[in-house]
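Enquirer: Quick note, the sequence shown lines up with residues 2 to 140 if you use the numbering used here.
Everything labelled a hint here was simulated from the structure, so no lab data went into it. There could be a bad hint or two in this list.
Heads up, simulated DSBU-like pairs for lysine-lysine below, C-alpha to C-alpha not over 35 Å straight-line [claimed, not checked]:
no. : residue 1 : residue 2
1   : Lys-136   : Lys-93
2   : Lys-105   : Lys-136
3   : Lys-79    : Lys-105
4   : Lys-105   : Lys-85
5   : Lys-93    : Lys-105
6   : Lys-136   : Lys-79
7   : Lys-136   : Lys-85
8   : Lys-79    : Lys-93
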Amino acid sequence: SMFKLLKNKKGVTLVELLAVVVILGIIAAIAVPTIGGLIARQQANADRATFTSIEQAAITYATAEQDSEFTLEEMQTKGYIDLKGVEVGFTKANDATYADVWVKVSGSSVQIFSTDPSSSPTPTAETTFYINETKVLAP
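Input sequences plus hints: build the corresponding full structure.
Expert: Right under this line is the structure:
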């Protein structure tokens, strides 16, 4: 009877176990790179959002402080933005400090400089800027 067949079967065979391991391996091989790519994309989106926050805070700072040229450090010191844990750079992430990053606001336009924008000769606005590992300004 069917009951006797089920009663006599004990455990799983090595072939069945191997099949399950192979299937799990295939699933992991597909899932891990997908999840890794998803995490990287989400980090890049977060870094771009941080840059947008910097731009908005710069416009607020310029209006409230009646100052159109200032550093990220000044914005942070006066509480306009919290950049804890955020790395900035001009050629790669973390090659600059907040004091190295100058911001110039003209109306709703925000430009990033690596030197004081009012220095002589007048510097050119940066075309490349990084937040963490994400290039948020690109030529």
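Enquirer: Determine which of the earlier numbered hints do not hold for this structure and return their numbers in increasing order.
Expert: none
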